[in-house]
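Q: The primary structure of each chain is shown beneath.
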Amino acid sequence: MLIPHPLLGLRDAEEFTYLGDARLLDRPDGMAEGAAAAFYEYVHLRDNPAGVHRELWFHEQGDRSWLVVTRNTVTHEILGAELARNVKGGAA
Amino acid sequence: MRYSGLRVIKEALTGHKGWKPIWRNPEPQSSYDYIIIGGGGHGLATAYYLSNTFKKARIAVLEKGWLGSGNIGRNTTIIRSNYLLPGNEPFYEFSMKLWENLEQEFNFNAMVSQRGILNLLHTDAQRDAYRRRGNAMILAGADAELLDQDGVRAMYPWLNFDNARFPIKGGLLQRRAGTARHDGVAWGYARGADLKGVDLIQNCEVTGFRIENGTMRGVETSRGYIAANKVGVAVAGSTGRVMAMAGMRMPIESHVLQAFVSEGLKPTIDGVITFGAGHFYVSQSDKGGLVFGGDIDGYNSYAQRGNMAVIEDVAQGGMALMPAIGRARLLRVWGGIMDMSMDGSPIIDRTPVSGLYLNAGWCYGGFKATPASGYAFAHLLATDTPHETARAYRLDRFERGLPIDEKGMGAQPNLH
Amino acid sequence: MTRLTGGLIDRSRSLNFTFDGKSYTGHAGDTLASALLANDVRLMGRSFKYHRPRGVVSSGSEEPNALVELRSGAWQEPNTRATVAELFDELEAKSQNKIGSLSFDFLAVNDLLSPFFAAGFYYKTFMWPRAFWEKLYEPAIRRAAGLGSLTHEADPDSYDAGFLHCDLLVIGGGAAGIAAALTAARSGARVILADEDFRLGGRLLAESNPLEQPATDWIAGVEAEFASLPNLRVMRRTTVWGAFDHGVFGAVERVSDHLPTPGKRVRQSLWRITAKRAVLAAGATERHIPFANNDRPGVMLAGAMRAYANRWAVSPANRVAIFTSNDEGHRTAVDLAAKGVEIIAVVDARTGAKSQGGYRTIAGGHVTDSKGRLGLTSVQVTANGQTEWLDCGALGVAGGWNPNLHLASHHRGRPQWDDAAQAFLAQDGAVPGLTIAGAAAGKGSTAQALASGAQAAQAALGDLGITATLPDLPRGEDAQMNQHALWHVPGKGRAWVDFQNDVTVKDVKLAHQENMVPVEHLKRWTTLGMATDQGKTSNVTALAVMAELTGKSINQTGTTIFRPPYTPVSMGVLGGGDTGVHFRPRRLTPTHEWAKSQGAVFVEVGQWMRAQWYPKPGETHWRQSVDREVLATRKGVGICDVTTLGKVDVQGADAGEFLNRVYANAMGSLKVGMVRYGLMLREDGFAWDDGTCARLSETQYVVTTTTANAGTIYRHMEFCRQCLWPELDVQLISTTDAWAQLSVAGPNARKLLERVVDGFDLSNEAFPFMACAALTICGGLRARIFRISFSGELAYEIAVPARYGNALMARLIEKGADLGATPYGTETLGVLRIEKGHAAGNELNGQTTAQMLGMGRMVSTKKDSIGAVLSRREGMVADRRVLVGLQPVDAADPVVAGSHLFTQGAEQNTATDQGWITSACFSPHIGSAIGLGYLENGAERMGEVITAANPLQGQSVAMRIVSAHFVDPEGGRLRD
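Residue numbers (the UniProt record's numbering), protein chains in the order written: chain A, 1 to 92; chain B, 1 to 416; chain C, 1 to 976.
With the rest of the complex left out, here is chain A (with noise of 0.2 Å):
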């Protein structure tokens, strides 16, 4: 497979190491009520959709970029590539 980087432009897959489900970027509150309940349902279930997924991708084997990736699990077409902190800070 081939990634694009956002800064790097098309990278082999191999030089990142994957993650999963893109909703790990969004950590409940530990200190905030009902936190066991939001942290059991964010750490262990998962969409898992046959499609469209969004997903984590770190670039360990080169600039340390985590991605997110839009890719398609059945046909595995990547639709698109962000830098995850442009994500988290709404800046994408």
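One thing to keep in mind: the hints can contain errors.
DSS-like, lysine-lysine: derived pairs with alpha carbons at most 27 Å apart [claimed, not checked]: (1) B:196 / B:56; (2) C:339 / B:20; (3) C:509 / B:17.
Selected chain B positions facing chain A (in silico; Cβ < 7 Å) [to be verified]: (4) 156; (5) 240; (6) 241; (7) 246; (8) 247; (9) 249; (10) 251; (11) 253; (12) 298; (13) 299; (14) 300; (15) 301; (16) 302; (17) 307; (18) 399; (19) 411.
Simulated from the structure, these hints should not be mistaken for lab results.
Here the structure is a predicted model, which means the values were calculated and not measured.
Glycine residues also receive a C-beta, built at the ideal position from the N, C-alpha and C atoms.
Chain A is fixed; fit chains B and C onto it per the hints.
A: The following block gives chains B and C in isolation, referenced to the frame of chain A:
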């Protein structure tokens, strides 16, 4: 029709005219007492034990494709009970004992072959961990032996001992482990269930559940609505998709695992060898192909195919372990979709929907579990209580902090 | 048989070779198969199951029968297809899968027993008695099964792997592929043309007059132009074997398989080709037509027969018959007759078929049987109710062509049956970016192939915005295929569908009878298509037979999908050459050279090689060395390279807040110049990693991790920084390799370090336990010093830029000679930490909680941090196991890590299991073996004697539960 050597001879002499269909092709009825979704190994085994052992009737297995088209049709056929944790080991040992009598029980030669599995070790810390695991196996009634380097050499003198990046220092051997002919297992269970009247319905895809007030009423399928009060889901690889129809998110991701077979070769390897440091394991089928594999590709996928990096990684592992394999050729590589769970262990449990039962999360290790999984799931469906060896496989274990994490990798499915 | 005239062999170069020990001669340009045929050898192998005598069927990589063991000794390669093995001088080949000789194979008894070995018979018998399977039945089956033999000798050849990139990859060097490459290369695009053959041309070389000019002339001209184009890379002997995601293709170049030895070259190279577009021009594979006893040596594909005649100037026999369902058989007859081969008859299944030359044509006829034990002697022909036997040494069979669309189904796109083409065709877009041309697309005439190849290239480049002009191409023959399906000849005898695996039409019928009807069931029940050709020569035919039996169309019957690789690929090349000790990279510590000079014994620790101990003259057992190192450290001073511990530099205004969130315990409050022990949890609440966190300034911390987790923790910290809290002002960099770090431990540690620091005050008052500082040493060398202790002794870790590590080690040993300065390795490190009760990898194995480590209270409830919430789940809180020390009641008893712990006298099973020993060593300090372990309610059981059971090795030892801190439990020493 009972299969036997005598029968084979008789049919051979009379032109094979007497062989009957191995199972019927029934039309779905409007209702059943039990519906098993998924005609893979676990679904078929569940139907078999439900009908044969728990003496239940009015059972259907609904299969989207052809019987045995789940991961039972595309795995690397290893059977073993060499687990560490108390939540796992008794279950897999129960499975091993079922394997040992399986063929006589269901009158089908699934070629269960106990030629042993050897997990190689390379460091002192690994030896400590293997010793802990070997002892756990023995304490659960399984067999285990800890080999030193000479012991490994005596079994497989041609492994790479002398020029290795990860020198072999010993191994954990389970002699009762081995392989079985994967398709034969599916067919044996299917035939055994069919003979007891279970309707095995192929080309029947479940498209929805009918749930009223939290209670299961039946399933919508590509061949119409079918009512049932108890529905068991055994669709590893597609668990997320099917359970989403019941409104549930699962502690599971779907990942692709590639498996490999070489061209046919005269006997080369007797048992199963695993080389964890090199992400490689290998055995040889009765047909002569080396059957091997390594890690999952590591990203969510439903594609049933993988990429080149893992193919190279696996081949490197093979060359590192047994450099003679360089002269053999890879014949075929294929991919299967694994239910990778959050702790690497399966789920056999009821669900928040009354009448909906779940058998899922087998990661890449479901084949060896087939008999016990079918038995335990049938037990659960028949009695509404978990089988004694499957009590730890609860759906709520993640919420309650009781994971069964053999590798200690935490809630990241692609690391298990 | 003597050679025919013409052909593309070099008659001036004779090559000697042996087959089953017998010597023969061939020519340069021959394959092993063509050379054997030229020497009248028709019998080349035995089938898999019935051990039937077999000859060559094809002239290409699809060959199912003529498989040999090529070369000898460690170089022996099983299952090499004689049809693609280029002849070289002194080539050595052996037949395989037989007991006895090829002409008298004892296992041919299986053929006599074949009625008992029908499809699926294994599943119905061999079940009684149970123990006989592994002991008797299975070994017999395994011995008879398999094809060639793999030696157990290490592959002596070398391999390599590389990457290539191009705009257009053209797969196949026949008419379509050459036209595509020419079109694309002239446009200036970056083009790769890969062809599995050793000579470009494909079927152009196999046909008599495919072009208006001699095909070899045209190819020679094109090749000359190719050679002049720097943007084109022509890769001969290169098989593109897999189509992967995003335009990545796997290819293998057979660099020196055609040479007697590779010499200094690699045997094969693995290429990962990334192509923006690709054209698949892989041609087609001819179908045979099953009839009774259609598998005798001498029965072959009619197209292969033409290839042997036209390219290799050889005919399998002097008298040849043809069986065809289309015009292709006639082409073979015409070509062979032109070369003087006697055509006995062309048996054409089509009524009204006409002869196209001066040979007999039997229209509306079928071949219905054959004779000849080790080679064809005659065929039975049935036409219009009449039967006759025709004497012939070879039969060419032409059943139409199957497009080679295999690569197009590597993304699991299912080919569709096309009634007009009477063949399966790949669907558009089955592999994104891949288009199909020529016979692979069902466009089988030379004219169609040339045109479609050029057009496919033009269109593909058009997608990329590159304009390509269609070249002038020679006029090619344009005979239309008009495939006329004849899937098998009805009859009583066994008619082979899959030659290698011995699957007959009867087997397909039996599968139908037993309801093994879905294609995958058919395949698995009969082993159809599981042979080394992956069903290239059999699947479509079997499907069609099944369709006939069920009364369904072929499309309704379904099809199987081809998987990579297109043709079998050697494991050696897939491994890419990183073998032996080079399998994975090795990392060396900064003091490696010094340790080596001291004779250290090294050990693998993850990727690192670390000194395990430093033997002294006279020490014959590792324990002597380790005991000495331990005592030297506890009494004087020991020095150990601890560079492998991960180091992360954390800087920024919010560095403290960031670390507060990453560590379970508080770090923001740490004073500048101080160090704190830190525990990190995974988000699921389990203990993950421990280390130290040193605050060098208001805005700079240095974090250490365990060796094993150095990479993962850094990745996790970057996740926290970029994905969770990008608003924090913090930057991270891994400095594991940048700093050499040495642990200096023991009562003389301060004295020693005072001799190297540049006037830095190391007194306990100025630099107390858990202090840290930046300083210079040895007259100006930049360094960092941390007063931390893993051993329980007065200890420091001192870090210098990595390139000075080796020198610092030597300097410290030299300066400390009078203080007893002793280097120690990882074994001693382990003993010291076990004696002190420090957790390491065996305790921090990812399954343990902070509570089990005795650090439950470190998990702050006053702040949110990674893992804090889930660490409070009920199941984890209720876990009563805790780390304890264990000492054998009898000091002579061993303590074995991995033993399980039980209440004394209790029954021992899974349910009564109370814990296990995580780490053990001999403690010179205690004078016996000691251990650490997790034990249920361990904290409340101090002094109790329990049983450590190791049934795996038949051991059971009475152990006393003690504090895990065997050395200086009050911690006085490290604070002195």
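Q: So, residue 246 (chain B) near chain A? Judge it on the closest CB pair being under 7 Å.
A: Hint violated; residue 246 (chain B) Cβ to chain A Cβ min 14 Å, cut 7 Å.
Q: With 7 Å as the cut and Cβ atoms as the points, is residue 300 (chain B) at the interface with chain A?
A: Since the shortest Cβ distance to chain A is 5 Å, the answer is holds.
Q: Regarding the pair residue 509 (chain C) and residue 17 (chain B), is the alpha-carbon distance no greater than 27 Å?
A: Holds, because 11 Å separates the two Cα atoms, which is no more than 27 Å.
Q: Should the hint that residue 240 (chain B) touches chain A count as held when the rule is a Cβ pair under 7 Å?
A: Result: holds, 3 Å to nearest chain A Cβ.
Q: Would the stated hint for residue 302 (chain B) survive a check requiring a Cβ distance to chain A of less than 7 Å?
A: holds, 4 Å
Q: Any CB of chain A closer than 7 Å to the CB of residue 298 (chain B)?
A: holds, 5 Å
Q: With a cut-off of 7 Å on the beta carbons, see whether residue 299 (chain B) makes it to chain A.
A: Hint on residue 299 (chain B): holds, closest Cβ of chain A at ~5 Å, below 7 Å.
Q: Please verify that hint: residue 301 (chain B), Cβ, nearest Cβ of chain A, below 7 Å or not.
A: holds, 5 Å
Q: Would the hint on residue 411 (chain B) be counted as holding, given a Cβ-Cβ threshold of 7 Å to chain A?
A: holds, 5 Å
Q: Given the proposed pairing of residue 196 (chain B) with residue 56 (chain B), does the C-alpha separation stay at or below 27 Å?
A: holds, 9 Å
Q: Can the hint on residue 247 (chain B) be confirmed by a CB-to-CB distance to chain A that is less than 7 Å?
A: violated, 12 Å
Q: Tell me if the interface restraint on residue 249 (chain B) is satisfied: Cβ within less than 7 Å of some Cβ in chain A.
A: With Cβ-Cβ at 4 Å, under 7 Å, it holds.
Against the hints set out earlier in the document, violations occur for numbers 2, 4, 7, 8.
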